[in-house]
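These are the residues of each chain, in order.
Number of protein chains: 2
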Amino acid sequence: MTTTASEIERKAGEAKAAARRLSTLSTEVKDDALARLADALEARAGEVLAANAADLARGRAEGLSDAVLDRLTLSEARLRGIAADVRQVARLPDPVGETLEMRTLPNGLLVGKMRVPFGVIGAIYENRPNVTVDIASLCLKAGSATILRGGKEALQSNIVLGRIIDDALRAAGVPDGAVQVIESADRSIVSEMLAMKDCIDLVVPRGGEELIRFVEKNAQMPVLIGGIGVCHTYVDADADLDKARDIVVNAKTRRYSICNALDTLVVHAAVAPRFLPRIADSLGDRDVELRCDARAYDVIGERPNVVPATDADFGKEFLALVASVKVVDSYEDATDFIYRYSSGHSDAIVTENYTTAMRFLREVDTAVCYVNASTQFTDGGQFGLGAEIIDATQKAHARGPVGLREICTYKWIVFGTGQTRPA
Amino acid sequence: MTTTASEIERKAGEAKAAARRLSTLSTEVKDDALARLADALEARAGEVLAANAADLARGRAEGLSDAVLDRLTLSEARLRGIAADVRQVARLPDPVGETLEMRTLPNGLLVGKMRVPFGVIGAIYENRPNVTVDIASLCLKAGSATILRGGKEALQSNIVLGRIIDDALRAAGVPDGAVQVIESADRSIVSEMLAMKDCIDLVVPRGGEELIRFVEKNAQMPVLIGGIGVCHTYVDADADLDKARDIVVNAKTRRYSICNALDTLVVHAAVAPRFLPRIADSLGDRDVELRCDARAYDVIGERPNVVPATDADFGKEFLALVASVKVVDSYEDATDFIYRYSSGHSDAIVTENYTTAMRFLREVDTAVCYVNASTQFTDGGQFGLGAEIIDATQKAHARGPVGLREICTYKWIVFGTGQTRPA
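These protein sequence lines are chains H and S, in that order.
Just so you know, numbering that gives the first Met the number 0 puts 323 at position 324 of the first sequence, and the rest follows in order with no gaps.
Just so you know, numbering that gives the first Met the number 0 puts 160 at position 161 of the second sequence, and the rest follows in order with no gaps.
Certain hints may be false.
For identical chains, the list gives no copy identity; a pair is met inside one copy or between any two copies.
SDA-like cross-link-like pairs, simulated, lysine to any residue; straight-line CA separation at most 25 Å [as the list claims (entries may be wrong)]: (1) 15 to 331; (2) 216 to 100; (3) 242 to 101; (4) 151 to 307; (5) 216 to 174; (6) 112 to 420; (7) 410 to 92; (8) 315 to 79.
Hints were generated in silico from the structure; no laboratory data involved.
The following block holds chain H by itself, in its conformation from the complex (with noise of 0.2 Å):
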């Protein structure tokens, strides 16, 4: 115990130090530091093959799914990708520094606010050694340290791209200590990075339900909480049947591993009777098995990949070729419905009716809203921030994507000429 709690303490020690360097670093050195990682992750791509095939050798011999094997597993095509990745966090623009609603008061005061940077953010994932660069490179372009504590199935591979990290930040001028690599396996030290509320500022656990609600439970510090998503998409009464199908099949089954996937589908009983068996077809076609409540199953009727559903799959997210579906009788009926069910990760409207998208875009509260669009766009690429931490789903702090500029805080910034408040 006494050498891993040395290890989290010093380290945490050390990014904290850092961060306040970090904090005022000008963006040509950090761009700088992200372009030299982004060639060396290529330059030293052997290195981290040999780890990850050390790894992978070790989990295959302790019998690690498929499934866990394939996130972990590296090659140069995806060390090619990583390192384009960081090549585009360089060109982001620098959220630091930049200032909100300043405005001159009647006493002459100039009051604003400015983005500045979290401070040490502490990370906690699973076994896919790529969230090692993402994280660490989001924060040092927007002034944060990071502590990264990824799963001892990738260590070996965390190790030598942590290395990586050090060699690139230091060549460009980066203080050291900026990027932290966990190098002990002991799971002691989540418990102890979630009480180190002094020296870690924020925490964001990516990975499976356990260890968010974990970290969740037990962080002494503010929680970036994301990744699960049970999102719907409501076919409305006046609904573009066309445009419906193709959202629907999209938000299903371009990706249905992800957390922005469609998990339920709800449709309006005016339109269920021509859209439900269209639908059956497109998906069944993809073998996405439709699991429905008596209403749409009674439309749709017996098929190799319908079921009927039960309670429990409402409010599940399936990370399958599965499906729930409804039938409401009414657009209040549906938002009742997703009220009741929704993660608050995304969820979508099909209407051609201003007033109902209108509403919808209002009532429902979730993290990314959506009108006539497939779900699978939350994604902070896709809107335009350039990468994600994560997509969140609380309600404190950030929500939905967390790009560069959510990933960091603001000060308010106050210009004086001598001014005193009247008693």
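Got chain H sorted already, so can you dock chain S onto it with the hints?
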């Protein structure tokens, strides 16, 4: 226990149900409710003052201190002041529905953020009954429901204020349950509130350090922390010493019991011999005790109001006519000192040097960073926000004065025309 548990559970459930309807309530209805509330606070002053007299009598019998009794005391004049504040909130722009960062993407999606209510906001505070009306009115305007738990000393006052709020809101057509005043004085209710993360979206403690630390440590939902200010004013080598004197005197003495009052005066050695005796005169005239480090003590010399500082006098919030004084050799030493001791509330520099001023604004990480002005300006009203919930000293969500905008969250809204995301 059963009865108190059922009160908070019932009220939290009602607040959550109200919050959904409140989130889309028109500005007109909210402002009408606030106008009715302001009128009722004046028209029903007798009811409030009778309840307040009961609280005061009980408080005196229990031996509460004069300071507590003073904070607890209402009067016709104070009620008129509270009513005026409510009318001011009604005049402020409605933050709900404001849009930010709207842009049209190359694929035609119109994407941006919309400011939306937080949901249910819990407030836990002490013996000032005006907080009940302050928080209820601000949160109502910002579209959130509130659960208000004041100190047991003010219980009768708060119960009557809660009824007046209820009546005014109901008459205006605000959904029932929007403002919930907890009527039990049982302390265990606070712990219960802090565990109700499914009903309460955000908790705001307002009171002393013990309360704030308890809430911060135990809340399962996000917390807005404020109220503890260890505030510095740094008089630079290039300061205009007349401005410095006015600013320091105002920052310390305009009101000394508020969190943005000056605690520590930091003076550059180059101006210490000219500045310190003058400021010791000015502050001495106003009965301020100065606790001086060795160098400051040497410069000022023996006076009735000057004593040597101990280590405990730095990083300390005095809330009294006391200030500590530190002499430094450079700008860097000053900002290192502030980095070490500031609570991140309000810190100021006095300088005529443009480059030094701009460096201070970038480098000092505090909620409100001042050049050439008194830290006593840190206040939502002074900053043009109209009013504030608290001055936050954390980094997540909101920092510094928390007004109507800052007590909201946002969601992303996406206007599509049938877009689907390419593979």
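Do the hints match the structure? See the list:
1. Proximity of residue 15 to residue 331 under the C-alpha cut-off of 25 Å is restricted to the inter-copy arrangement: shortest distance 18 Å between copies versus 50 Å within a copy.
2. Taking the shortest Cα distances, residue 216 and residue 100 never come within 25 Å of each other, neither inside one copy (35 Å) nor across copies (33 Å).
3. Taking the shortest Cα distances, residue 242 and residue 101 sit within 25 Å of each other only across copies (24 Å), while inside one copy they are farther apart (43 Å).
4. When the C-alpha separation of residue 151 and residue 307 is checked against a cutoff of 25 Å, the pair qualifies neither within a copy, at 40 Å, nor between copies, at 54 Å.
5. In the homo-oligomer, the alpha carbons of residue 216 and residue 174 never lie at most 25 Å apart, since the shortest distance is 33 Å inside one protomer and 32 Å across protomers.
6. In the homo-oligomer, the alpha carbons of residue 112 and residue 420 lie at most 25 Å apart inside one protomer (20 Å), although the nearest pairing across protomers, at 35 Å, exceeds that limit.
7. Both within a single protomer and between protomers do residue 410 and residue 92 lie at most 25 Å apart by alpha-carbon distance, with minima of 19 Å and 22 Å respectively.
8. Taking the shortest Cα distances, residue 315 and residue 79 never come within 25 Å of each other, neither inside one copy (35 Å) nor across copies (52 Å).
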